[in-house]
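Starting from the given sequences, assemble the full structure and let the hints guide the process.
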Amino acid sequence: MPTNRAFQRPGCPGRLPFLLALVLAGCSGSATAAHQAHLDSSETAGADYAAPAMPGADVPAQEAQVMASAPSPTAAPRRRWFQREATSELMAAATPKEAQEPAPAEAPAMPEQKPQTATDATQAGPILVYTASFLLSVYEVEKAQLALKAATQKLGGFISVQNDTQITLRVPADKFEDALTAVETTGKVRARNVQALDVGDEYRDLGIRLRTAEAVRTRLEAMLARAEKIDDALRVEQELERVVREIELLKGQLRSLGDRIAFSTLVVEFRPEARPDIDDSDVFRLPYPWLDELGLHHLLELTP
Amino acid sequence: MNIRIAAVCLFLFSACAHASFDTPREFAKLDEEGRYAERATSAHGVVIAVREVDAPEDTSVAFWSEAITQRLKAGQGYALLESRDVKARSGEAGRLLGFGHDQNGHTYDYWVAVFPQKKKVVLLEAGGRRDHFAKAKNELERAIASLALN
Chain Z
1 MPTNRAFQRP
11 GCPGRLPFLL
21 ALVLAGCSGS
31 ATAAHQAHLD
41 SSETAGADYA
51 APAMPGADVP
61 AQEAQVMASA
71 PSPTAAPRRR
81 WFQREATSEL
91 MAAATPKEAQ
101 EPAPAEAPAM
111 PEQKPQTATD
121 ATQAGPILVY
131 TASFLLSVYE
141 VEKAQLALKA
151 ATQKLGGFIS
161 VQNDTQITLR
171 VPADKFEDAL
181 TAVETTGKVR
191 ARNVQALDVG
201 DEYRDLGIRL
211 RTAEAVRTRL
221 EAMLARAEKI
231 DDALRVEQEL
241 ERVVREIELL
251 KGQLRSLGDR
261 IAFSTLVVEF
271 RPEARPDIDD
281 SDVFRLPYPW
291 LDELGLHHLL
301 ELTP
Chain S
305 MNIRIAAVCL
315 FLFSACAHAS
325 FDTPREFAKL
335 DEEGRYAERA
345 TSAHGVVIAV
355 REVDAPEDTS
365 VAFWSEAITQ
375 RLKAGQGYAL
385 LESRDVKARS
395 GEAGRLLGFG
405 HDQNGHTYDY
415 WVAVFPQKKK
425 VVLLEAGGRR
435 DHFAKAKNEL
445 ERAIASLALN
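Protein chains in written order, with the working numbering: chain Z, 1 to 304; chain S, 305 to 454.
It should be emphasised that the hints constitute simulated quantities derived from the structure, not laboratory data.
Keep in mind it's a predicted model, so treat the numbers as computed, not measured.
It is possible that some hints are incorrect.
[To be verified] Beta-carbon label-pair distances, calculated as ranges: (1) Z:Glu-293 / S:Ala-438: 53 to 59 Å; (2) S:Arg-339 / Z:Glu-142: 47 to 53 Å; (3) S:Lys-391 / Z:Tyr-139: 48 to 54 Å.
[As the list claims (entries may be wrong)] Negatives, chain Z to chain S, calculated, CB over 12 Å: (4) Ala-124; (5) Leu-135; (6) Arg-226; (7) Ala-227; (8) Asp-232; (9) Gly-252; (10) Glu-269; (11) Arg-271; (12) Leu-286.
[What the hints assert, rightly or not] Partial list, computed: chain S residues near chain Z (C-beta under 7 Å): (13) Val-351; (14) Val-357; (15) Ala-371; (16) Tyr-412; (17) Tyr-414; (18) Glu-429; (19) Gly-431; (20) Arg-434; (21) Ala-452.
Don't be surprised by glycine CBs; every beta carbon is placed ideally from N, CA and C.
Dropping the structure here:
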């Protein structure tokens, strides 16, 4: 690797700023073709990119696995399945422990940490984030909230925000439709807004940026280990600090995005509806149920 | 001893007995296990049935006539076409309410004869498509007159 060889030469300190600039150029910016080529080259990656075993590093590893299972563009009918698989994979990473516990059978096992190639991230495919908002009219807000809470827990979800008139539910993405039904049956739907947002590009971009930053960090660490002048060491250390900060930021963004993918969000606003004191319908109902059975419908029904 | 057994049998028989009518000619009696005590149908779907329902003690014909009329008119869209007094074979007074009802492009007739008894009401109902009902009217009148209340 020319960079390292140059750096090893004690007699060539003048080349350091240039080489450092070269290294840092690879650190900043988003997922470009240059970065991709950079990652693919055997000089930078050496071999396939192996996801670090640190706790926060599981997201890119899984993201890469999701990409690896993505279908070819010609396999359009399988896309729905792909989305389900993808969200299931991601769910394991993003699911809070308390939300995973009620439905252990449905939460997939944590994918095994295995080497992922950087090129995996080039696979395309939609990754959807489902959100919905409702305005519901109910007679008793508290009772409706309790019912919705129970339904959410039954679906393996949890309540993320709750106040007197509003509740925010998080449910596993594959239970989104069930959750919609649960909300709709809780009260009279006054307004409804359901969205599916494709964050596939954003997710892949974040993954590539993270891997690029980690590759830069590795090289900076190597440079720091070989630095002979204090000035050089300080400059490399300063840059290393910046790269580490960026890595943490990207990991946080990936975790947050993974959580949004794995768990759909439903915001339900309740509007109390006054219950009529008296039955103001045109039909006064006497307390004799047989009166409701009068008429031709029952009389002429001859089939058993 | 034999008299006692006969009395018990008579008591049991009277306890199990229910209102009944003579099955009109050209009608077939149906096996009933549910809502009605007896039911019979013509080949054209004109049906006559009788049943007993629980009711408060000492309610009047007028009360039930009004309640039934209101329920069918306001609740189910029936039109009251006639209201007249009738008598069961056993002599009890009742009232027959005749309704009309349009459905699926056809007009139907529906009769309810109400006979309030002690703690119960006997209801005799008859109905069917108007063209067939009109032909069976005489037989239905005869069935109402044959009604035996127990």
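| When the hints from earlier in the document are held up against this structure, which numbers fail? | Hints 1, 2, 12, 20, 21 are the ones this structure does not satisfy, whereas the remaining hints hold.
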